[in-house]
Amino acid sequence: MECTDMADVSAGTFIPVAASAPRIHRGLARWAPLTLLLPVIILLLWWLAAYFELGSPQLLVSPQTVFLAAFTDPAGSSVWLSAVQSLARLASGFAIGASAGLAVGLLTGLASLADRSLSPTLAALRQITLFAWIPLLTGWFGNGEVTRQIYIALTAFFPVALCAHDAFRRIPLAWLEAASVLRLKPLTRLRRLVLPAALPGICTGLQIGLVGAWLGTISSEYAIGISDGLGGLIVLGRQQFRMDIVLLGVTALTLVGYGIGAAASRTRSYLLRHHGLSK
Amino acid sequence: QEWPEVIRIGAVPSASGKAFATGLTGVAHVKEFVEAEFKDTPVKVEWVYLTGAGPAINEAFANKQVEFGQYGILPSLLGHSRGLPTKAVLAYGGVSTFAVVPKDSPVQSLKDLKGKRIGTMLTTMMHWALLEALAQEGIAPDEVTIVGLQGLDLLPAVTSGQVDAVFSASELLTLEEQGLAKVVFSSRNGNPLTAGQGNYVADKDFIEQYPEATQRVVNGLLKAGYWLAQPENREENFEIWAKSGVSPSILAAELDGVDLKSLINPRLDEFYRGRVAAAVDFAQQEKLLRGDVNPEDFYDDRFYQKAIVELGYENFWPDRTADGRVK
Amino acid sequence: MSSVALPTSQPPLLSLHDLSLSHQIDGKPFQVLRNIDLDISNGTFVSIVGPSGCGKSSLLRLIVGLDTGFEGTIAFEGAPVRGLGSGRGMAFQDHRLFPWLTVEQNIDLGLDATNPPAEERRKAVREHIALVGLTGFEKAYPAQLSGGMAQRAAIARALVTRPSLLLLDEPLGALDSLNRTHMQNELLKIWRTEKITFLMVTHDVEEAVYLSNEVVVMGSRPGRIRARVPIDLPHLRQRDSAAFVALRKRIVDELE
Amino acid sequence: MSSVALPTSQPPLLSLHDLSLSHQIDGKPFQVLRNIDLDISNGTFVSIVGPSGCGKSSLLRLIVGLDTGFEGTIAFEGAPVRGLGSGRGMAFQDHRLFPWLTVEQNIDLGLDATNPPAEERRKAVREHIALVGLTGFEKAYPAQLSGGMAQRAAIARALVTRPSLLLLDEPLGALDSLNRTHMQNELLKIWRTEKITFLMVTHDVEEAVYLSNEVVVMGSRPGRIRARVPIDLPHLRQRDSAAFVALRKRIVDELE
Amino acid sequence: MRGAATSLFTLRGPFPRSFALALPFVLPLALLLLWQLAVVRNWVSPLILPPPLRIWQTFVELWQNGQIAEAFMISLFRIAVGFAAGAAGGLIVGMAMGLSDTFDRIFGPTLRTLAQVPTIGWMPILILVLGLSEAVKYIIIAKASFLLVLIATADAIRNVPRDQVDAMRVLRLRPMTQLTKFWIPAVLPSIVTGFRLALGAAWIALVIVEMLASTAGIGYLMVWGRTVFQLDVVVVGMIIIGLAGLSLDRVMALLERRVSHGVHGHG
Ligand SMILES: Nc1ncnc2c1ncn2[C@@H]1O[C@H](COP(=O)(O)OP(=O)(O)OP(=O)(O)O)[C@@H](O)[C@H]1O
Ligand SMILES: Nc1ncnc2c1ncn2[C@@H]1O[C@H](COP(=O)(O)OP(=O)(O)OP(=O)(O)O)[C@@H](O)[C@H]1O
Ligand SMILES: [Mg+2]
Ligand SMILES: [Mg+2]
Ligand SMILES: O=S(=O)([O-])[O-]
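Chains as they are written, first to last, in my numbering: chain Z, 1 to 279; chain U, 1 to 327; chain B, 1 to 256; chain Y, 1 to 256; chain S, 1 to 267.
Hints listed in this document are in silico derivations from the structure and should not be mistaken for laboratory results. Take the hints with a grain of salt, since some may be wrong.
Stated by the list, open to error - Here are the computed lysine-lysine pairs in the DSS-like style, where the Cα-Cα straight-line distance is at most 30 Å:
{"no.": "1", "chain 1": "B", "residue 1": "195", "chain 2": "Z", "residue 2": "185"}
{"no.": "2", "chain 1": "B", "residue 1": "139", "chain 2": "Z", "residue 2": "185"}
{"no.": "3", "chain 1": "B", "residue 1": "28", "chain 2": "Y", "residue 2": "139"}
{"no.": "4", "chain 1": "Y", "residue 1": "28", "chain 2": "B", "residue 2": "249"}
{"no.": "5", "chain 1": "B", "residue 1": "189", "chain 2": "Y", "residue 2": "249"}
{"no.": "6", "chain 1": "B", "residue 1": "123", "chain 2": "Z", "residue 2": "185"}
{"no.": "7", "chain 1": "B", "residue 1": "139", "chain 2": "Y", "residue 2": "139"}
Sequences are here, hints too, so could you generate the full structure?
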């Protein structure tokens, strides 16, 4: 089991922000507006296609319709509330899943009895696409909020548990030896070596878990019962055949997800910097 | 007299995804007919809307999360056949079905669909109703191509021209409202066999432990049915149903000329029994059942019989034959 | 400055007798050390030189008690060594400071086992930081230090435990020649002020001659002691003096 | 053996004139090299010593043509250097063999630019493997070699291109003292048999004195040439001879 | 023998060998037992937690009547087409992005942002626009794999150590040699790792798309099981999904190890 395996945790994909490695070929690259070129072109083409009604207007809604729906349309303007509802759901589901993940990761990382007995089963269960659990989960826990919370918690649980486990297991022997030679007392060893050394790995797990849990939140709203939140909004848009609502919902979930990812990686670097773990 | 603490009634929410229902359940819920029956008791009544329709309500019964459930005959029979301790205590009436085609399609009626591709949700009440509707027009199942689609995919499938028509419940009306499609068939003004038929199902253990409570629930539901069938309540009905997301004017237009009393008929009569028997046939044909089911074992009409007499409704709703004609 | 006389009257601080060690490599036993006999007296500075892979680090690990499972005996202060214990400190070639702790906090870890009163503890840390010349860098993280400074902090962390025997595994290996010369003098100063017995592994013969009372030359396959060369020169030694160059040549010859 | 006379009559093989180099660090320009003037004659062995960070590697990168963007002129065989080109080879401090290729394949890459006939090619590879003493390890991957062997393979890869000027960036830095002495003699042998001009960066003054015709001493901040010390001793040099020790001391003094 | 230092804590004691070998099976067996017990003791209705034996019977039944094979072949075909298309596209665009900064600046940020749109977001849009064809499934699977391969490829090229690139440049290799002897072997291991992640993501996307918008394949088999209230079919579907996901991952891991072994020649 590797923590990096968990990059694919849920309905979507967690993609770490690319490292800025040295570039080999430089060209126009320094020209800043270049990055905006493609989005602008896409937006323009979309707008033109909608303007000249190249598709059915119900399907090919114009970008400004989608944008305005967030402010003027009664169904569309619920996107703000929906986002808040989804975030609240994310917060509680993630809190549950991440705590459980940390506990299990700590246990399997530190105690080999737990490791040997728990880890293989967890590794096997992880192979079942979480989405496939939904029919069974709804069967067990009903079609409502409980199941959604459990689903979100599961999406957070696996990456957090696996990364924490790995983080503990991969503490370099060199440091463990140094601690032994210094004959640190168990508590000092835990506080001064084990936890700080595992911190980056645990942070990675929390980061992947958070992004995964966001996608899990949307999936749960989409596929479990009638729900509010952005997932519910998209379902509503589909049911009412309102492409603008669907697009608005998808845009909102992408932007919020992006924000969550960025906030998580900022928090991580802040945390690690504060522990002298990066320069 | 012993009372349960709470009575939970599971129901299928409206197609628009709001936690409200149309039909009898919508009226009973909003006007609190069932609650009224328990005024003098500590019993609480809860309405539980479960998306995922039939399957979800079956799961809720298995989990002891509901005491009553309102859903299609077909899914409730499937649950019963698998060993759920459920009994049908009251019919629910018809769930209207529709067939829609793209706006510019030459198709005018079901007849024109011979040899065409029709999308519907396989192995559900809708699939079953479609076969009935086609049979009415003398079209055999192998004279059309039935394309399996999941609920939310019906709308885009027909607008993108992937199928020539789709067959399902009132959620299809959205398309007509948006001017993307036209309705070429509606069970509302046709044969009740082509409508989806539903029923209220109760947990057997509950019935046995609380017969009096069960009776009161059935009474409440019947009173709701009685209320909604009164012509003077027609407008208010539409307003109640509109809570589920469709505008009252559209409902009025859709149901123009439709007699609500015969559309929503809760009797456990011959017609109902016939529908149950037909559902068993359909399920066996589609290999949805494991082993045999005895339809007689599925319903328990004691409460209905008692209520209809007590409340003096014996002759209120028409009594129907197995093929849907009024006796 | 006068040469430090090798004290011979008292029993040796560390005494290895007939020490052998085997590792498993690819499932087959592989002899790393064979029949090592070595006595080290209190207060001396002993260096070990030898070709790469001859078992120098393995030997230090046995002495400090990180590895067990050897044959023969290791006696420290008269008692057999069975594992980690007080009195023996070690600084590794790579400094192994914990990157999330400041210099101060890292050095403070050395006091965890004995856990002296807070005031005394702060004082000890401060003094050892001064001893290795890192005053002003108390709050710095290892990443903010140069290689040589980190190495000195690691030595301070080992020293603060007040070991009677300090094991140093190529402590200056990472430094360039200028810094290296400087640190050699620092080590010498610490050794003389602290009266601690030093056992240092190095691959630089000149360094060994410059610092030690005795140089142990090891050979490889299997690791064994080839020669023990006493260095009877007064400190500070002149690297270009004839006696120095001769001793150096003698050790290099022993190595080949 | 007689000292190699410095040839002075012919024009220098490499000639640096008023060479300066700046890098951007944190957006600010940082001068790495200032006003370097250096001529290197054909067939000589020149070493560069200097403190860490004084720009030795940067200088070699400029000469081989990896980096451009300097001020001043670099002339090689009379023509200005504008980028990579034939005639100049380089071996890096870390061997930089490609881990997915065997020793043989790695060395063979050196012949890719000139692409000689297959037979000749195989012969050249075989000979160069023998030259650096790696016969028997043709099919080994870099990971299966010791540090010193990999270093030698890297030197062979640079040599096989038959450069007239071979730049060596601390080629022996990774080796322990025994292997190092051995490789110094190997380098000397190659230099003498192959008649190639060597420009070697090292941080070991003794090594520089042992090998070179001339030692260039650099200073730092910014990197500049502090002194050029001709070494007029016959090969093989005695490291403990008075002349050797004196030259060594002089260079170390220049460094401090 | 390595001593005390190798373990994090004394908690990690050594066990007798047989005990250690048996440990991994303790939890699954306990779960199975608990499961059976829950059914026998009627803690949960066997209808929503079918007993293990029932699952096995259903599996055999579905196997014998060919439903598993049929559903599995459909799923496999979908993933083969979708993954092949996505991986090929990702490889080509990723190479362009890795080699050219300009290309990266134009396409990189937009593609990376689009990568954040989850499958569940793409699906309604694609279905609304394209209808419910097989193409939608291929596109969704391809999209799930495309971006991971792309990013792995671009990063692999960009992360080739500068030092090695310098060494390559000093040797002045001819372009073809550069490609075959340097770039390909240098980036292959990371790209294969990217393929492995991408295949995992593609499998997840497949299951989702089949469960939400399909009437065939393993995902739909589960949906069907739920519709007809046979949760044993659902569990069989889950087990097949798990096993297939595991096998795909193991195969890719094997390839990954092979590539890095063959390439780097350790051992
Ligand atoms: N854990 C181990 N398992 C197997 N063999 C080992 C282990 N540790 C060391 N060895 C072997 O023991 C021998 C001695 O290693 P050691 O690290 O003690 O050498 P050294 O003299 O310190 O070398 P260097 O100067 O390169 O540090 C080597 O051949 C090495 O391969
Ligand atoms: N690409 C670069 N960008 C910015 N600064 C650089 C770059 N390369 C080198 N430098 C700076 O140039 C100076 C000289 O570096 P260089 O590597 O040439 O030193 P050196 O003499 O080889 O040192 P050492 O002996 O440690 O190898 C250093 O201060 C370094 O920080
Ligand atoms: Mg060592
Ligand atoms: Mg350098
Ligand atoms: O699932 S139904 O109740 O709609 O048949």
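Here's how the hints hold up against the structure:
Restraint check for residue 195 of chain B and residue 185 of chain Z: satisfied, since their Cα atoms lie roughly 27 Å apart, inside the 30 Å limit. For the proposed pair residue 139 of chain B and residue 185 of chain Z, the alpha carbon gap of about 23 Å is at most 30 Å, so the pair holds. Distance check on the hinted pair: residue 28 of chain B and residue 139 of chain Y sit about 25 Å apart at the alpha-carbon level, within 30 Å; holds. Between residue 28 of chain Y and residue 249 of chain B, the direct Cα distance comes to roughly 49 Å. Violation of the 30 Å bound is thereby established for this hinted pair.
For a cut-off of 30 Å, the pair hint linking residue 189 of chain B to residue 249 of chain Y stands: about 24 Å separates their Cα positions. Restraint check: the Cα-Cα separation between residue 123 of chain B and residue 185 of chain Z comes to about 21 Å, which is no more than 30 Å; the hinted pair holds. Between the alpha carbons of residue 139 of chain B and residue 139 of chain Y the distance comes to roughly 51 Å, so the proposed pair goes past 30 Å and is violated.
Comparing the model with each earlier hint shows violations of hints 4 and 7; every other hint is respected.
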